[in-house]
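First to last, the protein sequences are chains S and B.
In terms of our numbering, the first sequence has 836 at position 417, counting the first letter as 1, and numbering is strictly consecutive.
In terms of our numbering, the second sequence has 19 at position 12, counting the first letter as 1, and numbering is strictly consecutive.
Bear in mind the hints are in silico, worked out from the structure with no lab data behind them.
Possibly wrong hints are sitting among the right ones.
[To be verified] Straight-line C-alpha distance at most 30 Å; calculated DSS-like pairs for lysine-lysine:
#1 K327(B) <-> K425(S)
#2 K574(S) <-> K248(B)
#3 K575(S) <-> K327(B)
#4 K327(B) <-> K855(S)
#5 K856(S) <-> K640(S)
#6 K443(S) <-> K425(S)
#7 K856(S) <-> K327(B)
#8 K486(S) <-> K855(S)
#9 K248(B) <-> K849(S)
#10 K486(S) <-> K640(S)
#11 K423(S) <-> K327(B)
[What the hints assert, rightly or not] Going by beta-carbon spacing under 7 Å, a handful of chain S positions derived as facing chain B:
#12 T666
#13 E669
#14 I787
#15 C789
#16 L800
#17 M823
#18 D824
#19 G829
#20 P836
#21 I853
#22 L861
It should be emphasised that the depicted structure is a prediction, and the values quoted were computed from it without experimental measurement.
All C-beta atoms in this analysis are idealised placements derived from N, C-alpha and C, irrespective of residue type, glycine included.
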Amino acid sequence: MAIKLKTFCGGIHPPGNKQWSAHKPIEDCPLPEEFIVPLAQHIGAPSTACVEPGQLVAKGQTIGAPKGFVSVPVHAPTSGEVVAVEPRPHPWGTSLPAVVIRPDGEDRWAEELEAADPNDLYPEDMVERVRLAGVVGMGGAAFPAHVKMSPPPEKKIHTLIFNGVECEPYLTADHRLMLEEPERILQGIALLRFIYGAERVVIGIEANKPDAIALLQAECKDTPVEVIALEVKYPQGAEKQLIAAVTGTEVPSGGLPMDIGVAVQNVSTAAAVTDAIIYGRPLIERICTVTGSAVREPKNLRIRIGTPLSHLVAVCGGLLEEPGKIILGGPMMGFTQTSFDVPAVRGSSGLLLLREEEVVCQAEGPCIRCARCVQGCPMHLLPTTIAAYARRNLVAEAAEYRAMDCIECGCCSYNCPATIPLVQAIRYGKAAIIAKKRALTL
Amino acid sequence: MSQQLYLSSSPHIHSGETTSDVMRAVLFSLLPACVVAVYFFGPPALAVLLIATLGCMAAEVICQCLMGQPVSSADGSAAVTGVLLAFNLPPTSPWWLTLLGAVIAIVIGKQVYGGLGSNPFNPALVARVVLLISFPVHMTTWSLPAPLGSGLDLVTTATPLGVWKNAVMLTGHAPPEMQAGTLSFFLGDMPGCVGEVSALALLLGAAYLFYRRILTWHIPVAYLGTVVLLSGIFWLVNPEKYPDPVFHLVTGGLILGAFFMATDMVTTPVSMTGMLVFGVGCGVLTVMIRLFGGYPEGVSFAILLMNAATPLIDRYTRPKAFGMPRGEGWR
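Can you make the complete structure from the sequences, with help from the hints?
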């Protein structure tokens, strides 16, 4: 490609490792014997269970009611019987309340779900339907979508960016969705464009997905939607970096994209918005890439929310060998799991199983000030300096060096030849800064 | 599951390149200059290289044993210091001088500060300057190259920069024959320290480090650019007295300094702006010392002085954080 691809300053080039699953069409994952549906799957207040053990539920029925504005309901992934409402191991690393459902095999939709003609709906009605459907950001952060779709009136959104970057190595879920169900995404894009009233609509895709770029460019030919190829670089899909690449504008430190009139939604979120607004269907399934060197047959699966990881592994032919690390999400920002008993949740874009030799931690050496963390930092911070302050509990100094601007992408730790846990130390520092602020305001 | 799982917070993958990989690459990049040194100066140069390298490694092991620390000479940093020290010594250095230099580099230059990553000054240059001041005769006894197989013995002479400085001091003019040897200077056929003579061999090594992304362009370009610009101005004003920029580039330790000494990661700024400031500072000081100082060569002093300024440069050249207004880093 002769044209210089758009991108941001900084970042790293980890091996993509997408070849294992990029060519595999999405498969429907069969129902497991038991669903574990956590009541907290999103950023914000967890929902409260509104079903009881023994109760029969239908597919899509609300089983957890939202609490407050920054919260979303949780729905039954299939029809069946609630066998328990109790704390279960959660991907976030602790046990949290979950509704356990045994499927009846009928997979019967709840009757209260109604399709609607979008021409009859006002933007507010659409946002309400999105909220009731429990739609969250599908890129991994799982921030309630309706909150993002309700900017205060003084923040006019002029540019709407759809994130089809998928810069995490290994993951191919968004890639397959763009290839196989572009109309679902484009319908969602049209709806979101209407809701936001945005003038410019852009789909940003990393250049390592030329088939998806070509397909969407063809589909968007006579529409106002631009499809832009972006340089293959991590973290190209991070919200602020994507905005910088597409618009050339930086979101102010401590601010939100809406402060500069921009909103970003994942392409998978757009598809979920279509389901919610047009078909009234709640967010009970997503695409999840099950991959890694320890899996027999890497696949892109359409999974129901609450499917235990053990079931996903079994559907993919089981393990080649015992994994050294179980990661929910990508290798750069995913969360390690303690067992296969935890369920996949709304933010689970991938299940990555790595062999032991790939994940052994190297002993940490002294910093040789090679500045690779500085060159890699997409937020243009000094990771080694912040990490050194954080590890000495010098909270004020860490804050002074803008620790709170860190997006925790992990480029610094990835690059560090001394294998210093830089981003991990910065995370610790950020928590200390927040704790100190909280203590001061009380 | 029988086996234990690794648990950690992200990221879960690493570039795979470790400190010892970096050090190994630097050692590899120094090989061409080693070969040229042995070719031009024969066994004495090889002896200096071996004594300095092994001396540095031994000094590090002894230091760490005495301090009850884990021995880390496998990381290769002591070997790098050793080779760079040898590069900065005359090929005819007696064994004890080289060994003393190795001990100074590791003990005073590095370990007293806490070892790798903690030293404010380039250890090899600390040793060179201590030796230069303490043993001026030994450290300024140069010999003409005697290529292997030529049957020549090493004959004592002065470096091109030394010849120029003497001539200017005595007559106020540059020596007439000075410009003749630019190409042979570039190839390494000139009197000088073990590793500084061949700009070509050093550039080959530097190219490899660029390719491996271990070296960034900032310091070398800023350093050499400043030297060319500044010395060019002086040359244009008075070509009778001041040597031309190319002469500055190919003689003395400038190429060695700009690509291998001034780019020592530990003792130089971390931000790109900081590296540029550092390089410009090195360039200005080098030209000033060469043209107006008492010593014919100023690279070592220039780099050490800028090493001292590194914390200050770091403080004032913080990169502008993403989303901050312009000029935020400078305060």
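Violating hint indices (sorted, rising): 2, 5, 9, 10, 12, 17, 21 and 22
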